[in-house]
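A.B. asks: Given only the sequences and the hints, what does the whole structure look like? Please build it.
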Amino acid sequence: MARRLAGFLVLLLVVSICEAAFLFQPISDSHRSAALELFTPDHGSFKSLEETYEALRTFQILGIEKKPDLTATACRSISETVGSSSSTAKDLFYALKANSIAECKIDKKASKGIISRLNAAVSGASSLLDFYYSVGGLVLIKDQSSEADVHLADAEGVFRSVKAFSQSDGRWRYSSNNPESSAFAAGIALETLAGIVSLASSEIDQSLISTIKNDIIKLFDSIEKYDDGALYFDDKLVDGHEYQGPLSTTSSVLRGLTAFAAVTAENLNLPGDKMLGLAKFFLGICVPGDAKDFFNQIDSLACLESNRVSIPLILSFPSTVPSLTRKDSLKVGVSTVLGSEVPSLTVKLVGAFSSGSKDASLVESQELNFDKASGLHILNGLPKSIDVGSYTFVFEVVLHEPEHEEVYFMGSQTKVPISVTGLIKVENSEIAVLDSDLGSIESQKKLDLAGKNAISLSANHLQKLRLSFQLTTPHGRSFKPHQAFLKLRHESKVEHIFVVGNSGKQFEIVLNFLGLVEKFFYLSGKYDMELTIGDAAMENSLLVAIGHIELDLPEAPEKAPRPPPQPVDPYSRYGPKAEITHIFRSPEKRPPQELSLAFLGLTILPLLGFLIGLLRLGVNLKNFPTKPVPATFAVLFHVGIGAVLLLYVFFWVKLDLFQTLKLLGFLGVFLVFVGHRILSHLAAASAKLKSA
Amino acid sequence: MGKLWLICIASISILLPFLCNAFSPETPTDRRVLVLLDDFAIMSSHSLYFNALKSRGFDLEFKLADDPKIALQRYGQYLYDALILFCPSVERFGGSIDVAAIVNFVDSGHDLIVAADVNASDLIREVGTECGVDFDEDPSAMVIDHIGYAVSGTEGDHTLIASDDFIKSDVILGGKKIEAPILFRGIGHAVSPANSLVLKVLSASPSAYSANPKSKLSTPPPLTGSAISLVSIVQARNNARLLITGSLSMFSNRFFRSGVQKARSQTKHEKSGNEQFLTEISKWIFHERGHLKAVNVKHHRVGETDEPALYRINDELEYAVEIYEWSGTSWEPYVANDVQLQFYMMSPYVLKTLSSDKKGLYSTSFKVPDVYGVFQFKVEHQKLGYTSLSLSKQIPVRPYRHNEYERFIPAAYPYYGAAFSMMAGFFIFSFAHLYSK
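As they're listed, the protein sequences go chains A and B. Mapping the first sequence onto full-length UniProt numbering, position 132 (from 1) lands on 132, and the numbers just tick up by one. Mapping the second sequence onto full-length UniProt numbering, position 423 (from 1) lands on 423, and the numbers just tick up by one.
Don't read these hints as lab results, they were simulated from the structure. It is possible that some hints are incorrect.
List of simulated lysine-lysine pairs, PhoX-like, C-alpha gap at most 20 Å [said to hold, decoys possible]:
(1) Lys112/A - Lys90/A
(2) Lys47/A - Lys54/B
(3) Lys622/A - Lys367/B
(4) Lys63/B - Lys236/A
(5) Lys367/B - Lys393/B
(6) Lys298/B - Lys505/A
(7) Lys437/B - Lys627/A
(8) Lys437/B - Lys688/A
(9) Lys352/B - Lys577/A
(10) Lys445/A - Lys526/A
(11) Lys331/A - Lys415/A
(12) Lys69/B - Lys690/A
(13) Lys112/A - Lys142/A
(14) Lys577/A - Lys216/B
(15) Lys214/B - Lys415/A
(16) Lys177/B - Lys268/B
(17) Lys480/A - Lys367/B
(18) Lys213/A - Lys163/A
(19) Lys142/A - Lys109/A
(20) Lys293/B - Lys236/A
(21) Lys214/B - Lys480/A
(22) Lys378/B - Lys577/A
(23) Lys54/B - Lys292/A
(24) Lys383/B - Lys293/B
(25) Lys216/B - Lys168/B
Computed from a predicted model, the values in this text were never measured in an experiment.
C.D. replies: Structure, rendered in structure tokens:
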């Protein structure tokens, strides 16, 4: 189940990656440009000879002119590997493989050394990969130099020991002590066996070959399938590094199969649709993004193109969206998977069905004309019975020469989805406001849906709005588009969408506002109207603003639903806020300085009056003590008072309360002392005066 | 051998906490991304996108979504910094991952890219809902646009959309204008108007609608017009960034390489805008753009350099902060002219735009208001596409001390004069009273 699910997922993916699911395009220029992008050597050379080979092989198949420096650097590393005695069978194998394309000169002595080393490796091999690299290396040497005498002495023995890895289900193991079997290994084994057969000095026993044939047929029984007919091999997902993925696995099997089919005279009896299914698989992945996958795809397609089992042919379509209005003709190309020429053949349109219905074919069987210049088969003008819409066309390919039927395989019939488009006539469009009870027309206006409209209507909740139009196909039939919406948008951006229904050609929608007040959230005001008519087959799909309607709806009752919140514009949500500056308390109002000074002067006047008064009273200092001690105390007392007053002045000017009080404390004590002395002296003096 | 193991385990346990934290201004590099796929074939079919990420230094780990061994965290530590869900049809994640685990992953500040597709599973829809977007509920619905479709020779159902209705934000989409429209095929989603964190990056055109292209419409589709979002982003409050789209194929090599011609337009673009659009937006998602940090917040009285413990009302002060933006490799000065400072107590008393020296330093000066209390310096910088900066620093403001008031007020001179003339009078009177005969 999980496996099937996985397969389904891959299918989904393939569908999503490649445009139309059931259409396969042969390799094109997009592959060529992708190849140049993917196989870019860093600093002039590839990381390994394997990558070098893959790049060279891909360029060779795609017919991309190799850059000379690529070959030169490849040759250098090939000759290094070949010359070195420490290189393993794997290194030698890939060096020789790369050399089969780069065609560098390998000196004879080195090649003799390799032959003996590879021969030793064959006899010492214990795992499938050992056999694969050593036998593969020998085959490559044999192909590259005609003089070298390369053959396996005990070919049949080697054959049997490789055969020992095979499993009953057609899969193979990598070595005898590894129980995991895989289809990937099967591909490698087949390639190895093909190599052994070609290296054998004597005929290999036919019974051995036919057991391998059976193995191949069993292996193909385990092939997996997508809905679109693509076939592929996949191994169980195991944790080990051996899991390769469906692309590598399928590619490996195909390579093995091609190699094996090439060396055996027998027919492998594989049905051609299997090969076509494999071709669909490789074409279905479009352009892989990985160099290894890319190589596997291209190399496998090359195998499919040149194999002896059957060569699949692919129908390709430059366009499957013909337009009736432009009188497009339907063009079909037939090519091999790599897009090369095919023998002469005829493409027939055997049926056309309206998609979704299983009715009888809409067209008679007819042959397509072959246009030599473009190499395409052309259906001139679509049949009369085909109107706009989507159809499934069924094509059949007939090869002209019967012997080609053995070599090529096309599949019996190919179904292709075709959508026919055209200009749809929009007529008799009008909009009207109707009185509800009588149905009498209040105001009716014609619309020009192709141009601009600025209709303004007004209605209240007792009235109705009617919009109607007609759609006709180029063949004069009625047309029902997928999208026919009338949109009313209130000023507050609340939108209401209505589907415009039809009866025959006539499309009509009647909006009864009485039933819609709740839906409209009782929002009166201006509604913009917009009509959208669109369909895949309609070339002139339209989105027109009709104008606006002033709706006068009743007041909303208390429990009426509120309109949904409308999205906030993201641009206005952010952005700087308005600056705020603090408004400071304004300072208190003060009188002008002159006024203050004037009043200052006034405050001094009483003092002056006091002084004048004293003088007028004839104040004197006759009581001032005459004896030195009381006189000293008197002086000190007044100095003290003066000091306290001065301290007050200082308090005003600079001192704070604490400093002032401290000083005042000292001065106070001093004043009390001297004050007591002088005052008691004065009191004693005046008492003496009274008693006297 | 045993010793080696010990060393290994010890070093791993020491390193582990440093390896896989969410994006943080302290360790902004070293990012590991888990990519969950429906099928490994996506690795090759979407390789251009993955390679673009790898070339920017991301360490991608590809896993099947139903692999029983996948986990986002181990021993309480997250193993990855970001998650890419390229598995639209997965019904159940393998291992310990479920929707709650993904939500927690995002809640702890990690980034997420979700690509749904037609027939997206309920699980992926649920992830979308958690992210704040609602995919069209009809499982076979697609976004259809009969006016804004991409012209194609082999497709007639107008589900391949060429959209060029981008959000206008250089930080999200890069400074270079995206010339070519974006190819999109998949499902649309709606952004909840109540959610202010979700942004529509790529919207459908007004003529688009979301419906099953194969069946007739009898009721109005739930999503129509430019309310349909094709690609949305979310920046969570913890600065985790999310990308949600209804199309997996828009990331594919085929769409990256494909040319595009919008219907009714004569210009044919050699290459669709997908590569530029998705690469630029991935830079934003992975915090290579628009991630700000603020350092060196300084404030002092004008003419001083030390930061006081408190200010007096009516002080003149200077405030400065340095703001940098992460560029993927280094912190670059952030240049903007709308960074604002608030002097805040219950409500802003002063709100001022900081002036920039274009090297990352933002500064301003202002007078402390004549209101005392505990204020805050607040920089709340929220800008479309940028991480939100929220700095606040508390600072008390005191009133004048008793000796800081004006001491010699001319208007009071008459009072002073009266007092001093009184004192002088008293001094003279003391002589007159004591010694006069």
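A.B. asks: Give a verdict on every hint.
C.D. replies: Each hint tested on the structure:
Under the criterion of a C-alpha separation no larger than 20 Å, the hint pairing lysine 112/A with lysine 90/A is consistent with the structure, at around 17 Å. For a cut-off of 20 Å, the pair hint linking lysine 47/A to lysine 54/B stands: about 19 Å separates their Cα positions. Of the pairs offered as hints, the one joining lysine 622/A and lysine 367/B is violated, with about 65 Å between alpha carbons and a cut-off of 20 Å exceeded. In summary, the hint linking lysine 63/B to lysine 236/A is supported, as the alpha carbons are separated by about 16 Å, within the 20 Å threshold.
At most 20 Å may separate the alpha-carbon atoms for a hinted pair to count; lysine 367/B and lysine 393/B meet this at roughly 17 Å. For a cut-off of 20 Å, the pair hint linking lysine 298/B to lysine 505/A is broken: about 76 Å separates their Cα positions. Restraint check: the Cα-Cα separation between lysine 437/B and lysine 627/A comes to about 17 Å, which is no more than 20 Å; the hinted pair holds. About 15 Å separates the Cα atoms of lysine 437/B and lysine 688/A, which keeps this hinted pair within 20 Å; it holds.
A threshold of 20 Å between alpha carbons decides the hint, and for lysine 352/B with lysine 577/A the separation of about 9 Å falls inside it, so the pair holds. Distance hint between lysine 445/A and lysine 526/A is fulfilled; the C-alpha atoms sit about 18 Å from each other, no more than 20 Å. Proximity of lysine 331/A to lysine 415/A is assessed by CA-CA distance (about 14 Å); at most 20 Å being required, the pair is judged to hold. Only pairs whose Cα atoms come within 20 Å are accepted, and lysine 69/B paired with lysine 690/A is rejected, the gap being roughly 125 Å.
Note on lysine 112/A and lysine 142/A: the hinted pairing holds, with a Cα-Cα distance of about 11 Å set against a maximum of 20 Å. At roughly 50 Å between alpha-carbon atoms, lysine 577/A and lysine 216/B are farther apart than 20 Å, so this suggested pair is violated. Distance check on the hinted pair: lysine 214/B and lysine 415/A sit about 18 Å apart at the alpha-carbon level, within 20 Å; holds. Annotation: proposed proximity of lysine 177/B to lysine 268/B holds, straight-line Cα distance about 17 Å (limit 20 Å).
Among the hinted pairs, lysine 480/A with lysine 367/B is inconsistent with the structure: their alpha-carbon atoms are about 72 Å apart, more than 20 Å. The hinted pair formed by lysine 213/A and lysine 163/A meets the criterion: a straight-line CA distance of about 12 Å does not exceed 20 Å. Restraint check for lysine 142/A and lysine 109/A: the C-alpha separation of about 15 Å stays at or below 20 Å, so the hint holds. Restraint check: the Cα-Cα separation between lysine 293/B and lysine 236/A comes to about 50 Å, which exceeds 20 Å; the hinted pair is violated.
The straight-line distance between the Cα atoms of lysine 214/B and lysine 480/A is roughly 13 Å, inside the 20 Å bound, and the hint therefore holds. Restraint check: the Cα-Cα separation between lysine 378/B and lysine 577/A comes to about 13 Å, which is no more than 20 Å; the hinted pair holds. For the proposed pair lysine 54/B and lysine 292/A, the alpha carbon gap of about 18 Å is at most 20 Å, so the pair holds. This hinted pair checks out: lysine 383/B and lysine 293/B have alpha carbons roughly 14 Å apart, not beyond 20 Å.
Distance hint between lysine 216/B and lysine 168/B is unfulfilled; the C-alpha atoms sit about 36 Å from each other, more than 20 Å.
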